[in-house]
Amino acid sequence: MKTASYPKAYLYKRIVQAKLFIDNNYADKIDVDNISDEAFFSKFHFIRIFKKIYGKTPHQYLRYVRIEKAALLLQTQESIAEVCYAVGFESVSSFTSLFKRMIGLTPSVYLQQHQHKKMQIKIMPQKYVPGCFANKMVK
Amino acid sequence: MIQKLSHMCVYVLNQESAYDFYVNKLGFKVHTDAPMGPGNRWLTVTPPEQPELEITLFLVAEGPAFSKDAVAMMIKLIKSETFGAGVFECKDIYATYEELKSKGVEFKKVPTEEFYGVEALFKDDSGNWFSLGQKK
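Sequence order for the protein chains is B and H. First residue of the first sequence: 1, per the numbering used here; consecutive thereafter. First residue of the second sequence: 140, per the numbering used here; consecutive thereafter.
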């Protein structure tokens, strides 16, 4: 397979590295200056290009990743405060209000709904599988 | 009148490794993960911006769905990259390509300008291939 060559490939590589840096370090204290330094950009140039590619500023993206990870953690953990701190938030109340704004439910309602679904799947997995497939999976 | 597609199947050789590929590499979300007897589960994932379409990662294994001969045939066909399983769209193909490549996703075709847009082809961990496109 030939190597990809396209306009501004060097720029894409640096922005993608910055995005992956957020993906991998969302739980730590990250500030945009550090990320733009990592990507060798001036802060404003970096924010502009990042937003053009991902539709969010790096700060908005960081918040998005933290809330998405929190939603995932709430599927396995029950303590909302622990989840809040584990994904990098410092205040449970700001975490709760942002979670509600982005997911549409408070963390506790989300947790309850997920636990209910988990229980239903355990009791009656076939309910979640279209019949034609269920018949093909269970003798 | 048919209104929409709710489920589609991708036949995979290992559900654990398919989970890792579709969730951790492609960034899809798990919709349902339900145990369906020993060694099998109903595992569906959804593309991040299309939560209503469940992609079923259906295990190719001997049982009610596949005979022993069918399993052998399917494994051979999937491994030899016979099946084009679908077309994904993204907003920025170059950024998506760079990210997936850095996560170890194997591309059969690098992003290439075509008359309909820019297109790349990549394989999943079993051997199913997908088109990745950015419309013009």
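Since the hints were made in silico from the structure, they are not lab data. Hints should not be assumed to be uniformly reliable.
For lysine-lysine, the following DSS-like pairs were computed, each having C-alpha atoms within a straight-line distance of at most 30 Å [unchecked claim]: (1) B/Lys52 / H/Lys207; (2) B/Lys127 / H/Lys207; (3) H/Lys168 / B/Lys52; (4) H/Lys248 / H/Lys218; (5) B/Lys29 / H/Lys247.
Residues of chain H clear of chain B, computed beta-carbon distances all greater than 10 Å [claimed, not checked]: (6) Met175; (7) Thr185; (8) Ala224; (9) Gly256.
Idealized CB from N, CA, C, for every residue including glycine.
Hints, verified against the model:
Under the criterion of a C-alpha separation no larger than 30 Å, the hint pairing B/Lys52 with H/Lys207 is inconsistent with the structure, at around 51 Å. Restraint check for B/Lys127 and H/Lys207: satisfied, since their Cα atoms lie roughly 28 Å apart, inside the 30 Å limit. This hinted pair checks out: H/Lys168 and B/Lys52 have alpha carbons roughly 24 Å apart, not beyond 30 Å. Restraint check for H/Lys248 and H/Lys218: satisfied, since their Cα atoms lie roughly 18 Å apart, inside the 30 Å limit.
Restraint check for B/Lys29 and H/Lys247: not satisfied, since their Cα atoms lie roughly 38 Å apart, outside the 30 Å limit. A cut-off of 10 Å between C-beta atoms contradicts the statement that H/Met175 is not in contact with chain B; the least separation is 5 Å. For H/Thr185, the shortest C-beta to C-beta distance to chain B comes to about 13 Å, beyond the 10 Å cut-off, and the non-interface label holds. A cut-off of 10 Å between C-beta atoms confirms that H/Ala224 is not in contact with chain B; the least separation is 17 Å.
With a minimum CB-CB distance of about 13 Å to chain B, H/Gly256 clears the 10 Å threshold, and the non-interface call stands.
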